[in-house]
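There are 2 protein chains.
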Amino acid sequence: MLAQSEQQQSRQPLYEEVAGRISFLIKQGTLRPGDRVPSIRKLSKQMQVSINTVKEAYSQLEDRRLLEARPQSGYYVRARLPELPTEPVLDRPTLSPAEVSMDNIYQLVMRDLLDPKLLQLGIAVPNPELLPIEKLNRMLTRETRRFALQSVSYDLPPGNLRLRQQVAQRLLLSGCTLSPEQIVTTSGCVEAVVLALQVLCKPGDVVAIESPVYFNFLQLIEDLGLKALEIPASPRGGISLEALEFALDRNRGEVKACIVITNFNNPLGSLMSDENKLKLVQLLERHKVPLIEDDIYGDLSFSDKRPSVAKSFDKTGNVLLCSSISKTLAPGYRVGWIAAGRYQEKIERSKMLANVATPTPTQLAIAEFLANGGYEHHLRSIRRVYTRQTAQMADAIGRCFPAGTRVSQPQGGFLLWVEMPEPIDSLKLYEQSKQVGITIAPGQLFSVEGKYRNCVRLNAAFWDPCVEAAIETLGRLAKSQLQIS
Amino acid sequence: MLAQSEQQQSRQPLYEEVAGRISFLIKQGTLRPGDRVPSIRKLSKQMQVSINTVKEAYSQLEDRRLLEARPQSGYYVRARLPELPTEPVLDRPTLSPAEVSMDNIYQLVMRDLLDPKLLQLGIAVPNPELLPIEKLNRMLTRETRRFALQSVSYDLPPGNLRLRQQVAQRLLLSGCTLSPEQIVTTSGCVEAVVLALQVLCKPGDVVAIESPVYFNFLQLIEDLGLKALEIPASPRGGISLEALEFALDRNRGEVKACIVITNFNNPLGSLMSDENKLKLVQLLERHKVPLIEDDIYGDLSFSDKRPSVAKSFDKTGNVLLCSSISKTLAPGYRVGWIAAGRYQEKIERSKMLANVATPTPTQLAIAEFLANGGYEHHLRSIRRVYTRQTAQMADAIGRCFPAGTRVSQPQGGFLLWVEMPEPIDSLKLYEQSKQVGITIAPGQLFSVEGKYRNCVRLNAAFWDPCVEAAIETLGRLAKSQLQIS
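Here the protein sequences line up with chains A and B, keeping their order. Residue 111 in my numbering sits at position 111 of the first sequence, and the numbers go up by one each step. Residue 106 in my numbering sits at position 106 of the second sequence, and the numbers go up by one each step.
Isolated chain A (complex conformation) (with noise of 0.2 Å):
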């Protein structure tokens, strides 16, 4: 279409020519976002234009945030909102560790993510539809069946070796060449992270957790007795690295473990660069502080690579590493591990005081399906779906949330993190949402220090109109917050 005498004519760059046809699709809604553009090969052939021309137009519409780029997937279009400041607000950072005392705000929460009336968008679980229900429920018969002795028994820790040696084949792809040997399996990740508090530390010793934080980390930094000291983290590249190491200069050798989930973090999305992994585990390192490094939704990136994860860097046994199948096959199985490091046989021993042994029918099933169960092929249809849905609902956000609402722009999983005018009370929204029978996360449940007033955390695992209906009603109550104040 654009000839060579065109681009001389209108003294316009021929690539920014070409970028703004394809902004204009998107200011215009004919793309929306989570769509794919055409690749550079077909717009190049479309537009008769160079390659490198729609090289040049894509790589500017990425530098304004309108594409992103997938590697091995090509280029979306991105969420049209503002998004969430790129760097952790240090505005009131405290960096001292603080007793946690939040059980009033949780045990509401809890009960309510129970109750099957009301539509849930504060719980962090995969979408059912998304899991290989039949698939998964065969292979729990077959192996059981063909395993029948073992499938009664006692699997003692370090647990299934089948298991554990389908993880640690998985464990190359995140950059860990890890023995079967280095791994305990685990009633899921939660049990691991538990396991790992627990061996690392004695009442009084303080966490490093990162800011805002997933709260059932706060609540068992509370039980075992602990301090939480929060450092800032930012929706794209996750903890604050000086701030850690602020901290950690600050209150030296009261720290005896950090916990980061480093990669589509929960809430924030955020995912840790190589570089910024290494200067983590190096960082801690030089401490003498433990990593207790949660990886639970490191195979759900949006773009096809899967992310290293800070234990790929660990050269001393520091770092102790956890994750399950939870996010991606079943909640309901209760299978995750820990890869411990120097600790590997306290977890051992700390696993059996705590139940003796993982049950086996579930780790038989789950072993056979990382090895025969096409795994990789079922990641990258749900991760599709997640991508999909992810841009749906935050575009959905930017629609019916008040203006001044930024949200995060995760590049993997399936949360959210919003954040609205500052006079919105998010518990206060909590509230009249539950009314209306939706509950969400508010964001008071990230924090012990009371901060995350305005934020929400969403489960966009889900999208129908009966959940697009639901985020317009939250708009609509945020908005009326503001008419109030």
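I should point out that these hints are in silico values taken from the structure, not numbers from a laboratory. Values in this document were obtained by computation on a predicted structure and should not be read as measured data. Hints should not be assumed to be uniformly reliable.
Put simply, identical chains are the same to the list, so a pair is met inside one copy or across any two.
[To be verified] Simulated crosslink set (PhoX-like; lysine-lysine; CA at most 25 Å straight-line):
| hint | residue 1 | residue 2 |
| --- | --- | --- |
| 1 | Lys346 | Lys434 |
| 2 | Lys117 | Lys346 |
| 3 | Lys202 | Lys346 |
| 4 | Lys256 | Lys202 |
| 5 | Lys288 | Lys256 |
Position chain B against the provided structure of chain A, taking the given hints into account.
Chain B in isolation, oriented as in the chain A frame:
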């Protein structure tokens, strides 16, 4: 055979004559420990004496501890050994709380318990050949198909409703009237006890336990930073209520929980009477000390009578009853429960923090087994085997161990507590027997105060020529220690 005239000639009462014959058959070895003797009706016919005469004879043999009556089942030959004293030995009770630190022995033993090359007489596992493997796995298949979506989803605390309904129904047999809402499912009985300790105690608190005590409890107490207060217990009736009362008075306000295995205790095999269960509940209620009752062996009575639980006497919610199907159906399924009384809500929260939920598939299968699997029929058959084998092993110990050895005479379960002559060191015996491929549970594991040096716990769930030979070997090794010393 015996005519009235003969009796008059011998001037011996007729019933003594009958008792003498049976006693002769036992001493001669025709009737062996665990054998059932002829029924009263049958013997009365055979010997042509009245029913009352046989009754009188059997009653005399019972008093002489040669026979034992099992309700609705008949009379059985008892083990020939000198029994352990029926009252606890109170020679050196300290009745002061002690810090627990016995990691070394525990680590040592636990590692060996994992070794499949060793004959395991030390670990308290049921015989897998007696487990209904095929039926369980069939139910696992059927139920996960029937509740497909549910099977992969979280069944958040309090856990699977159908399982809780079944447990509540079965608890009627133990004298408890509880609703499913008063039960939380767990990953086995140990987890139930852990959750109870976590909810009831904070570091530094004192826990009253039986002595000797199931060693995992000691490890748990150590791990949670608690102190253990050992209360003497007898192999017949269990914990000494007098000693417990004295200790509670002396440590007023410091004791925050009391753990008791009321039925077919591990390791002693003791069975508390209903009267003592009631007294125990009242005593602890008076002192405001919650009772953690472990009833894991309760379904394994050698008689047809299912004993009550202390929980059945609980009027205030002060008893937390813990149990599981690990000794009767499938240890590897890791399905247990806790009826937590007034601590129900806290236990639910604590369970969620520990590992979110108990795995769903195994809960579904066990619920179905309890509902339609013929659990009572299954129990009858395994109880018969354990009754016989426990007597057989006790008999073999009597034949092979050094003179002066005494052994418990449990009325249920499958464990034997063996007290050897004083000079014998069971940790040394443990080391010696490991050299020849046998592991035992040395007495030192069962106390923080270094007691039970000359005791071992043995598992009678397995009985075959191999195990019989192992008992001979153990006896020889024990005797060799006496010769050296």
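Each hint, compared with the structure:
| no. | hint | result |
| --- | --- | --- |
| 1 | Lys346 to Lys434 | between (43 Å within a copy, 24 Å between copies) |
| 2 | Lys117 to Lys346 | between (42 Å within a copy, 23 Å between copies) |
| 3 | Lys202 to Lys346 | both (14 Å within a copy, 22 Å between copies) |
| 4 | Lys256 to Lys202 | both (9 Å within a copy, 20 Å between copies) |
| 5 | Lys288 to Lys256 | within (8 Å within a copy, 36 Å between copies) |
Taken one by one, the earlier hints all hold for this structure without exception.
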